[in-house]
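Residue numbers (UniProt numbering), protein chains in the order written: chain S, 1 to 386; chain G, 1 to 386; chain U, 1 to 386; chain Y, 1 to 386.
Check before you lean on any hint, since a few could be wrong.
Listed below are the simulated EDC-like cross-link pairs for lysine to aspartate or glutamate, each with C-alpha atoms no more than 16 Å apart in a straight line [claimed, not checked]:
{"id": "1", "chain 1": "S", "residue 1": "Lys232", "chain 2": "Y", "residue 2": "Glu80"}
{"id": "2", "chain 1": "G", "residue 1": "Lys137", "chain 2": "G", "residue 2": "Glu19"}
{"id": "3", "chain 1": "U", "residue 1": "Lys232", "chain 2": "G", "residue 2": "Glu80"}
{"id": "4", "chain 1": "G", "residue 1": "Lys331", "chain 2": "U", "residue 2": "Asp234"}
{"id": "5", "chain 1": "Y", "residue 1": "Lys84", "chain 2": "Y", "residue 2": "Glu69"}
{"id": "6", "chain 1": "G", "residue 1": "Lys386", "chain 2": "G", "residue 2": "Glu175"}
{"id": "7", "chain 1": "Y", "residue 1": "Lys203", "chain 2": "S", "residue 2": "Glu181"}
{"id": "8", "chain 1": "Y", "residue 1": "Lys137", "chain 2": "Y", "residue 2": "Glu19"}
{"id": "9", "chain 1": "U", "residue 1": "Lys332", "chain 2": "G", "residue 2": "Glu295"}
{"id": "10", "chain 1": "Y", "residue 1": "Lys272", "chain 2": "Y", "residue 2": "Asp259"}
{"id": "11", "chain 1": "S", "residue 1": "Lys203", "chain 2": "Y", "residue 2": "Glu181"}
{"id": "12", "chain 1": "U", "residue 1": "Lys114", "chain 2": "U", "residue 2": "Asp9"}
{"id": "13", "chain 1": "Y", "residue 1": "Lys231", "chain 2": "S", "residue 2": "Glu80"}
{"id": "14", "chain 1": "G", "residue 1": "Lys386", "chain 2": "G", "residue 2": "Glu181"}
{"id": "15", "chain 1": "Y", "residue 1": "Lys203", "chain 2": "Y", "residue 2": "Glu185"}
{"id": "16", "chain 1": "Y", "residue 1": "Lys331", "chain 2": "S", "residue 2": "Glu295"}
{"id": "17", "chain 1": "S", "residue 1": "Lys331", "chain 2": "Y", "residue 2": "Glu295"}
{"id": "18", "chain 1": "G", "residue 1": "Lys331", "chain 2": "U", "residue 2": "Glu295"}
{"id": "19", "chain 1": "S", "residue 1": "Lys84", "chain 2": "Y", "residue 2": "Asp234"}
{"id": "20", "chain 1": "U", "residue 1": "Lys203", "chain 2": "G", "residue 2": "Asp180"}
Derived by calculation from the structure, the hints in this document are not laboratory data.
There are 4 protein chains.
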Amino acid sequence: MTLTDSLVDFFLETRKHTENICAPLEIEDYVVQPIIDVSPPKWHLGHTTWFFEEFILKPHFKGYTIFDEDFSFVFNSYYETVGKRVVRSDRGNLSRPSVESVYAYRTHVTQAVKNLFSSTQSQELNDLLEIGIHHEKQHQELLLTDIKFILGNNPLLPAYSNSFKEHPVQNEAQEWITMDEGIYEIGHNSDAFCYDNELGRHKVYLHSFQISNNLISNQEYITFIEAGGYKKFDLWHAEGWDWINQNKISAPLYWHHIDGTWYNYTLGGLQKITLEAPVTHISYFEAFAFAQWKECRLATEFEWEAAQAFLSWGQRWEWTESAYLPYPNYKKADGALGEYNGKFMVNQKVLRGGSVATPISHTRHTYRNFFQTNLRWQYTGLRLAK
Amino acid sequence: MTLTDSLVDFFLETRKHTENICAPLEIEDYVVQPIIDVSPPKWHLGHTTWFFEEFILKPHFKGYTIFDEDFSFVFNSYYETVGKRVVRSDRGNLSRPSVESVYAYRTHVTQAVKNLFSSTQSQELNDLLEIGIHHEKQHQELLLTDIKFILGNNPLLPAYSNSFKEHPVQNEAQEWITMDEGIYEIGHNSDAFCYDNELGRHKVYLHSFQISNNLISNQEYITFIEAGGYKKFDLWHAEGWDWINQNKISAPLYWHHIDGTWYNYTLGGLQKITLEAPVTHISYFEAFAFAQWKECRLATEFEWEAAQAFLSWGQRWEWTESAYLPYPNYKKADGALGEYNGKFMVNQKVLRGGSVATPISHTRHTYRNFFQTNLRWQYTGLRLAK
Amino acid sequence: MTLTDSLVDFFLETRKHTENICAPLEIEDYVVQPIIDVSPPKWHLGHTTWFFEEFILKPHFKGYTIFDEDFSFVFNSYYETVGKRVVRSDRGNLSRPSVESVYAYRTHVTQAVKNLFSSTQSQELNDLLEIGIHHEKQHQELLLTDIKFILGNNPLLPAYSNSFKEHPVQNEAQEWITMDEGIYEIGHNSDAFCYDNELGRHKVYLHSFQISNNLISNQEYITFIEAGGYKKFDLWHAEGWDWINQNKISAPLYWHHIDGTWYNYTLGGLQKITLEAPVTHISYFEAFAFAQWKECRLATEFEWEAAQAFLSWGQRWEWTESAYLPYPNYKKADGALGEYNGKFMVNQKVLRGGSVATPISHTRHTYRNFFQTNLRWQYTGLRLAK
Amino acid sequence: MTLTDSLVDFFLETRKHTENICAPLEIEDYVVQPIIDVSPPKWHLGHTTWFFEEFILKPHFKGYTIFDEDFSFVFNSYYETVGKRVVRSDRGNLSRPSVESVYAYRTHVTQAVKNLFSSTQSQELNDLLEIGIHHEKQHQELLLTDIKFILGNNPLLPAYSNSFKEHPVQNEAQEWITMDEGIYEIGHNSDAFCYDNELGRHKVYLHSFQISNNLISNQEYITFIEAGGYKKFDLWHAEGWDWINQNKISAPLYWHHIDGTWYNYTLGGLQKITLEAPVTHISYFEAFAFAQWKECRLATEFEWEAAQAFLSWGQRWEWTESAYLPYPNYKKADGALGEYNGKFMVNQKVLRGGSVATPISHTRHTYRNFFQTNLRWQYTGLRLAK
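Whenever a hint applies, use it, and build me the whole structure from the sequences.
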């Protein structure tokens, strides 16, 4: 089996898995966009397909038949290089193309990619295919969290599936792991795939610090709520305080207080909170305020990467104190793919780890996720440092 | 055949017709809400059904089984009396209830109404059924214009159906009909159904005026555009001038200028403008500016009603100069049905006539339609007076 | 004394009176604009002056020296014909021209007008001067109500003057005046000055109605508040209900509830409410809701004008049920002055009467004032009809 | 002379200097607030005074007579601990207290502080006085840049003073200074005054880098504009690209392109751009895009501090690539003064250096200024690194 063969298998498995995620949906669920940060599942299906058509098939497959000229306009996300596109806030206004034709588009492109790679092999094509696969894996995570948002904000609170485990229980006792002062190396360091924002392996100097082995649990977070954490301005950033007050926020996303008991919407429907599970669906502002209340802080992304071997992680994306910035000597890729990461490196925070929704092959300790400080629809969580 | 029997037949025909309107739709088309004024077709199907359940079945059908307790929350429109409801701007965020379950809801309620009337007959029930039927007929018109908006704002411009004639040609030569000064009687004056806002038959004094036998045609409207009508501030209300500039409006809704030719989106897809057809999809602001440009004016609703017997009308809702206000001695109905009309009697304009989308049995010369001055998604048109 | 002489005297008296209104102000009070509907006093002083310079001196005074070329940009209000202008929302951002230079501008223009009329006399000039005087008188009223808003929304609640009587007590017992059904003549009907919107004397047919001799008092309005009037949605227009809820409105403008007692800010400072005085600073929405609560209604402007001779009026601008629309045969003036009234004839309500802030020579029974339905900073009030 | 004596002298000099900055103003200039980021000069005068009254006189001066109880409400800025306050966006709506009474307030408080320190001396009081002085010096800089904004956005473009040199010419040839890889110490390290955000002296590891001896000049920035820098999306952050397009930004703040020549508003009025002076009034987004265009980058704040001894700085606040974050072991102060810095440590960028508007005694190489990425009204500039 050649490298290309195994890459094509990986490609086919990825394409299939995306569709499996959508299997429990009604057609109606594919269409809506309740907030601007959430895209309709139909759009994810089309956009990940467009990526292969635009960057692989159009430039490299002589004689390729474009599925539909209009889809380029419909399924481009933010690539200014590639031309005009539907504005993001309008994605939920599009009833067409139909779900059926989006699936036909997927089949057409998947088959064409397979055909292309059976006849042509090159490092450049392999690299493009690999980034396309990882791009689709990123969207698999978004697909799941967007579906959760769509169903979890529906007044009927319909379940998605009972087989998805979102709230694993942590059993270990809390401990502080002490890390020594000194120079640490940060960044990607192997031949395996990574994004450009992980490159630029470099040294940082860290002062001695302690980091918790555990994520903060729902039980601990309820204690924070009951202690009035959402009402004490001195725990919050000025911007966070405005945000919770303007949006009347007093608990994590998906939490409901019913007759004195805390419930949360899960992919299996509305359920009592699992007290021993790590808290999730909190913003950076909330993570910071909780840490202030505990007289601790969040780790920086460098501290996290230095300590990660001693931590159990992978259930929650963990907010760090680090702003999303380029590593020293960061270079963005040429052309449209250069728009992938660099242009978002302002006013966002880095998250480290990975979540229950992250495809396993997409998780690694150098991965840098990033979001605005008020976003909560991912499986975000919180680990203390001091 | 009793009165009730024929009313039940009318009811069944109406229920069926609503579903026929939706027959050409894909499931996806039932879900979206591109602007706040447009509701998802699924919502219209559910809301017209809820109306019968809420006002007839719940209070009058002993032993009636409510289809789903949550639907009352989902499908209430603006009846504060009846309880909480999904805010209007969120209607397009609801993927559930599914289209299939909304149709099941329709069948359940239609059957229950039929059963109720086969066992119970009363004037009160007949009156409620009649208002429910007319309510659904109103929504049939909205359903069609909302579908047009949903498809006509999709970048793929999909056709709805080729059998719907939106743009009938006017063949008569333009003439001015002169009406004498004097006292005229205005308002509903028979035993047939009407809404409360048409009641309060009363006298008005009209000065002599002239009104055109014809609606303004697309050809005439193009002349207005080409004469710079959208760029001459003195033709417009201050509020209209701000509106066209802020929204970059320079032609009726659905018009596209492609390579020097005017096209418009129709329910049959994108087509060249039919020059001899009456212009449509214009706001009150545009109707007013056109009339100013012609050194004419719009008729008042009283002038229109006085002259209507001499006019050919029914293709376009015609903007009048009249504000939507109560007639002398107007009384609103008691209870929730009192919310039907009266609470909208401010800052809207009256339209008279009826359009190609209006169910025939829903058209009468005393009917008072009303919209905000900037709305264009109905089949609105324009007739000059002086 | 010629007609022109007496007009010039009237002009000089008017110019002087405007300045007298500002006499109690601090320089700082001339500058601010707390909401878009309120203009800084400095702006009123300059704008009324600009009107004479723009429409009389520039076109008719050969050799006139323009005071400052830039003032045309600063002090134009909405005349599109005349060129660019500071947007309305920016008026309060302008610290310059200074108050001192605005007064110098006034003196320069007042003197030039005086000089012009001492050497040149014509009907056209007289007409322009007369409209300029009435324009300034309109602004005198706005000046006073804008000053009240500026000081009444300052946390220090400073007094303007103790000599201004805003809250005259009504002593007459309430009575219903009955008006007969029939034809009435409406509109201006003499050689005296009026605005174009009062012209087009015409007949209307009125059905029999009753109108109250009295305005609604503060005492009656407090009863409405205490009866939960602001919490009963069925009393309100849908748009009014949204407005009070979004803006958290539960009493007239300037009212403060302190330790169980109602106070209001007056030009003399914060004072206990005078219970026997007519209520003021209410929106149309509030006037309508009060009338609904009393199972009455507001009069139309035609009813008001027909009945006015039997009413004591002039303390409060009285909201009517009539929308602000052109009379039959209304014609707007040519040129920039044609922008005076006509372009505002949409989505506003007519008020009749005149208030404690209206210059006496500016009050007449055919005068049509008009405002949007949510505005409250004028001395608006409420009279019932049925 | 004791330490306290010299501190009191420093205090008196600072108080005087603030008033000197305002000497060229008209009273009207003290009042307005054209954008939310700019405060009225009157407010700065009052707020710096309130700081001494609130944190020194009220708690520490037995028998102190509060000047006016209401001023605490008017002049508090963001200290939630201290109570309610005028919302920031309303500062420009306050005509009262008058400028005269604000000066009386200043005199009252200045004298009271002087009296207190003549009778009572303690380390705690000295520390409070010192932070109050530095707080006022910070506001001196804002006062000047706010005045520039108020006058520079007035359509009359009035001059403030001809004696203020904003645009010093750089004469040195451009050179790259090379800094070695290694460990550097960052943060305040003496007994002199500093803010809490400079503390937590700590080590960082820097890779080798080069930094320019010069700031980017107006000439170089014009070349960027003429090369289409504002039209190339790939130079910009996604958020920056949206910002320039929504706000139609195509040059630094205060720049005017008149008949083919670039002018800028200066405190001396409108003048031709000084080509050899360092560019100023640019946002972080613009600084970043310029650096991208040059295929360079901005320095981090750590690189800047490490290299600063080799740089000539102090004319412009220099945007760095660093987000404003706490140093390791940062601790915020207790009580209200703890609100001084920490709560702003999110979604802002660090600026280093100091500007022509910064009081000299307020400039030091560890000083960390910070602003949102779109702000331009400070004397911000740009230095390249690579």
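Okay, the hints, checked on the actual structure:
no.	hint	verdict
1	Lys232(S) - Glu80(Y)	holds, 10 Å
2	Lys137(G) - Glu19(G)	holds, 12 Å
3	Lys232(U) - Glu80(G)	holds, 10 Å
4	Lys331(G) - Asp234(U)	holds, 13 Å
5	Lys84(Y) - Glu69(Y)	holds, 13 Å
6	Lys386(G) - Glu175(G)	holds, 12 Å
7	Lys203(Y) - Glu181(S)	holds, 10 Å
8	Lys137(Y) - Glu19(Y)	holds, 12 Å
9	Lys332(U) - Glu295(G)	holds, 11 Å
10	Lys272(Y) - Asp259(Y)	holds, 12 Å
11	Lys203(S) - Glu181(Y)	holds, 10 Å
12	Lys114(U) - Asp9(U)	holds, 9 Å
13	Lys231(Y) - Glu80(S)	holds, 12 Å
14	Lys386(G) - Glu181(G)	holds, 13 Å
15	Lys203(Y) - Glu185(Y)	holds, 5 Å
16	Lys331(Y) - Glu295(S)	holds, 10 Å
17	Lys331(S) - Glu295(Y)	holds, 10 Å
18	Lys331(G) - Glu295(U)	holds, 10 Å
19	Lys84(S) - Asp234(Y)	holds, 15 Å
20	Lys203(U) - Asp180(G)	holds, 14 Å
The structure meets every hint from the earlier list without exception.
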